[in-house]
Amino acid sequence: MTVTIKSLRLKNVTLAYDQQVILSRCDFNFPMNKNCRIVFKTDAEKFYFFQSFVQVEGFTSGEYLINEENVLELSFEEFMHYRLKIGFGFSARGLLHNQTLRQNLELPLRYHKLVKEEDLREVVDHYAEYFRLGTDLEKRPSDVSMQSQKSVLILRAFIHHPELIFLDSPELMISNSMHANLLQLVDDHRKSKNLKHLFFSTQDESLAECLADENVLLIKKKLLSTDDLKKQRMAS
Amino acid sequence: MFAVVDRMGQQVSINLRYTYDIFILSYLSLRSTMVSRSQSWRTLYSVISAQIYFTGWQAMPLIVFLAIGSGALVAFQSIMQMTFLGGVDYVGKITLIIVVRELGPLLTALIVIARSGTAVASELGSMQVNKEIDALKSMGINPLSYVIFPRLVGGIISVLCLSCYFVIFATLSGAIVCRLAKSMPFDLYFSSLSQAAGLSDVLIFFLKNFMSGLIIFSVCCYQGLKVQKSPHEIPQVTTQAVVKSTVYVMAFNLILTAYFYMHYLSNIGIF
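Protein sequence lines, in the order shown, are assigned to chains A and B. The first sequence runs 20 to 255 under this note's numbering. The second sequence runs 7 to 277 under this note's numbering.
Looking at chain B on its own, in the form it has when it is part of the complex (with noise of 0.2 Å):
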């Protein structure tokens, strides 16, 4: 019994001690950045606008075909159960409801993570087995500030814009298949989306993808630093990169949702 307790205590502090190191690594990345003082912007900005391309721009695709998908599909459950209920025409309300409370910062995610979060685990990875990050620090260069911050902002940027685009594509599907399955007309539809969102969706939906973006690129940063001498290391810490940071994408999300729900429910009375 208590070995048991004693390996959940072993695992609780290790995953603190990761936590706090990510914090850590975020926090060390953005002072480095606003104290260097000989670091020129245009150096940082060819950084992040290269990130933005590789995993906002590049990801577009993907991201559209998901969200048309996901739209038509959580509209199509709708208007299923809806039409028992007699709530047809919240079809519209509960679609965007789903996709931007929890579907959209969701999937965004784990298609980053899939993308982006490897390609950047693996890269940096690489830098270190090729000694660039020993040639950066060599030549002054801090790698927080110049390798890190930038893939930091340009992750967060990335998936916000990708996030919005999901959300945009998935409820203009929703309203494709409510026209052709129930012959809805669009302006219900899009004025019971109007009514669905509220100051605390969008609160809800630039924490999720604000902290999707940090945690996915800070854990794949942090897991490609840790690659010391050997290519054989890269694929280990790019799978650990992919599982961690899903994990955590994962987590805040609930809790999150958890906390709002329970914020609701006391708002109204309930708990």
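Isolated chain A, as found in the complex (with noise of 0.2 Å):
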């Protein structure tokens, strides 16, 4: 079943993790077809606000709405065919350690099957070029440095040409000379591979001012763009 993300939308939502509320009772419409910023005033919040949209865990109540359905009901496999136009960014750790960065790009290709086996060294080295993680790829995460980490964990979320990427902290771990790929990689995904939805967050505001349409803060447990919030100063 092939599905386009329209629309995202939180109805009454509250959002928690290890007791840590981070979301409550909040309604919320994410502005679509742009380059979103979170803003976010912890770490924690941050790690876990992103792991819950793309998981969907978390949420203890309200609706957490795709295309107005509410995904919190669907279970792991009904909600793939939304999963898989997602990807995330992670903003450390997550690689796999037993395997190479290059199989670690692989591995979501290849367990959906979304390359053909003989294509997979080539999409794989292809998207390797926007770092220049050269021989770094056939290595292991231990390995190598954290530059070549974080970049496979940006790659990661590119290489499966998803509609709405979230992107948690892409700076961090990265040399400044990078951050042009970074938005090459991005801007490249834009044209020509079918990405629509980017929501980022980042501390870098050279960063932010070259990628963000939009921003987005988390406020008192409530998400409110920028709009919402001129509104509520103008009415106070």
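Fair warning: there could be bad hints in the mix.
[Claimed, not checked] Just so you have them, the derived chain A footprint on chain B, three or more residues with Cβ under 8 Å: (1) 46-53; (2) 143-155; (3) 180-194.
Simulated from the structure, these hints should not be mistaken for laboratory data. Even for Gly, the Cβ is constructed at its ideal location relative to N, Cα and C.
From the two separate chains plus the hints, produce the assembled complex.
This is how it looks when you write it as structure tokens:
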């Protein structure tokens, strides 16, 4: 079944992880077809927030609606057709340590049979070019620099050509000179690889300036767009 | 008095709950593998074969060493006792019965717990800490079918194979001991073996090893997945995995042996 992600909406959602409430009775329409920066107060909030949206976990009440369908009611298998349209770039960790960087990148493609076996190498090589991974591709995560590890974490979010990507602090552990490559990656996917919606967090204001079309803030356990915030301030 | 009964009841209910969780984990891993239409069998096969290599193949030398030692010990003890009773011809039969029904499955299970059970629990624990399990979920890969199921299948196959090797080497070493200690001809020893092995022995052997493999790897996977955030939890869950899988394997072997013993007695009209 092929679907297109058209809308992403929260309805009265409470989101909690380890008894830490991240969202409380939150209603929010995510801005679509944009590069949207989400601003968090703490790192823990940030990670759990993204993880919840990708894995559909941690929602204690409310509805998480994709195309107006409450995905909280779907099983792992039923959610699969949406999941394959979603990519997630971890801020740190998340690579399989008993596999090489190449195998890490190949895994989602091979597992879901998205690319023919004989084309896998070529696809991975193409992506590795973005961050000039070179021979690191054949090494395991513990044998390469943090920058190479982070590059693979970012590339893995893009490699299956998702429509919706969540990127958790993509600037972390990669040098400033690589930021241009990241922007190029996003740009290429927007132009020719079906990427429509990008939600990311960053502490790097220059990257945010280059990438973000809109900001969303997590304030007092509610999500607010900058427009909402302005209206609230005007009202008060 | 009531406090003691309360505590016992609490422990029983905790253990029943734990057993239920283990059973559910095994069932869900099987179900998710069968239900998943996207999973390629190639990825599954590679994880199963890796598990068989680490658990089955790499444990071979230790199992062979232990089998030779155990077979020889059982044969020596049997010869000593049977010499007084005048039944030395039965040494092969006794060796086979003890090795196939009890020693083989139990010692193999203990070795697998010590070698591979601990490895699986700590591996899964570190996968949790390193967010590898979360990463799999985010890629649409169900950890139950990609991580747990292949380990269960690989573990069961390995335990069955290792136990077969154990029986072969233990009976061979028993034959050598009989030959050296009592000058018993090999053909006499092996003919007593062929009379000793019945269908019920094969059934007990298969059941014990199959269930040992399933218990060890489901308990160790479950314990590994219990790690939440911190690496310091890994040694704790590994220790618990060893203790719990040993207790479960021992209890299952005991129950099965007791059942077959009762069944045997009732067949010959004693019970």
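Hint by hint, here is what the structure shows:
1. 46-53: Coverage by chain A holds here, the residue count being 3 at a Cβ distance below 8 Å.
2. 143-155: Per the Cβ count (7), the hint holds.
3. 180-194: violated (count 0)
Hint compliance for this structure: hint 3 alone is broken.
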